[in-house]
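Peer 1: Going line by line, the protein sequences match chains A and B. Per the numbering used here, the first sequence runs over residues 17 to 123. Per the numbering used here, the second sequence runs over residues 2 to 152.
These are computed hints drawn from the structure, not numbers from a lab. Not one of these hints is a red herring.
Listing some non-contacts, in silico: residues in chain B with all C-beta distances to chain A over 10 Å: (1) M2; (2) E11; (3) Y21; (4) L34; (5) Q36; (6) F42; (7) E116.
Here are the computed distance ranges between Cβ atoms for each label pair: (8) A:M17 <-> B:S48: 32 to 42 Å; (9) B:C142 <-> A:Q86: 44 to 54 Å; (10) B:E116 <-> A:Q46: 47 to 57 Å; (11) B:E35 <-> A:E68: 31 to 41 Å; (12) B:S6 <-> A:D94: 45 to 55 Å; (13) A:E68 <-> B:R77: 32 to 42 Å; (14) B:C142 <-> A:P18: 47 to 57 Å; (15) B:Q36 <-> A:S56: 24 to 34 Å; (16) A:L88 <-> B:R131: 13 to 23 Å; (17) A:P18 <-> B:D38: 36 to 46 Å.
Think about it this way: if two alpha-carbon atoms lie no more than 25 Å apart in a straight line, the pair counts; the simulated SDA-like pairs of lysine to any residue are: (18) A:K22 <-> B:E128; (19) B:K126 <-> A:N74; (20) B:K126 <-> B:E35; (21) A:K22 <-> B:L79; (22) A:K22 <-> A:V35.
A virtual CB, placed ideally from N, CA and C, is assigned to each residue, including glycine.
Letter by letter, the chains look like this.
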Amino acid sequence: MPATIKIPNALRQFANGQVEFDTAAPTVGQALAELTLEHSDLTPHLYRNGSELRNFINVYLNDEDIRHLQGLDSPLKDTDVISLVPSIAGGSGQGEGSLWICLALGF
Amino acid sequence: MIRFSRQHIEAIKKHGERDYPHECCGLLIGMVLEQGDKRVFETYPISNAREEEHKRNRFLIRPEELLRGERYAQERELDVVGFYHSHPDCEAIPSQYDLDHAWPTYSYIIVSVREGRANQLGSWKLEPDRSRFNGEEIQCCLENFKPPELF
Chain A
17 MPATIKIPNA LRQFANGQVE FDTAAPTVGQ ALAELTLEHS DLTPHLYRNG
67 SELRNFINVY LNDEDIRHLQ GLDSPLKDTD VISLVPSIAG GSGQGEGSLW
117 ICLALGF
Chain B
2 MIRFSRQHIE AIKKHGERDY PHECCGLLIG MVLEQGDKRV FETYPISNAR
52 EEEHKRNRFL IRPEELLRGE RYAQERELDV VGFYHSHPDC EAIPSQYDLD
102 HAWPTYSYII VSVREGRANQ LGSWKLEPDR SRFNGEEIQC CLENFKPPEL
152 F
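Model the full structure from these sequences, guided by the hints.
Peer 2: Take a look at the structure:
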């Protein structure tokens, strides 16, 4: 039985509504690469600049954050489960000279 | 469109005022209706997990807090449909940092809190290609209103 990536609710619309993605990839990084190759619309939500995993995405291998393992090089075995769990972040950036995005439409 | 009761709007504003001059944050618990409209049944305050020195202009909801909120919602056969946070002494519009860290599908409520008093409040959704936020209409009880006319 292959390893499985659990696709979070918020991203399923970019994966044809799929809840899970099975993979025989040898590492977590390669499994995610397979996922985005199959569903390219996921790429901008998972990666910055096409290759750097966004810092608000936490990748768990079974119940362990991959930062505490070997990161994207963490090896996979059959029946492993990869979960993508967001951190929710934001803020005004007031006082940091942030650029305001002000694009409400139709109001 | 996202639908709230006045009570929920007031709860978000009060949270923003209580945490001023820091940013507050929390979850919106509810359900997605037909055509993607959302109905909020509960607000779920969360302690801003950013470091003390950054709480004035940043917020963070840790993944374990989000998972806890999701479990809470699922026990009630509901979902996390969005998030709220405050902008102390700033407009209720998303910053570049908000845009960089946003997730699709969810609604993002921002309340402006000036000198400790909450005023403007708006809802925003990320464009699927991540290029920008779009304003989302808010319906509150019997009264319809839209994001603040800042534009």
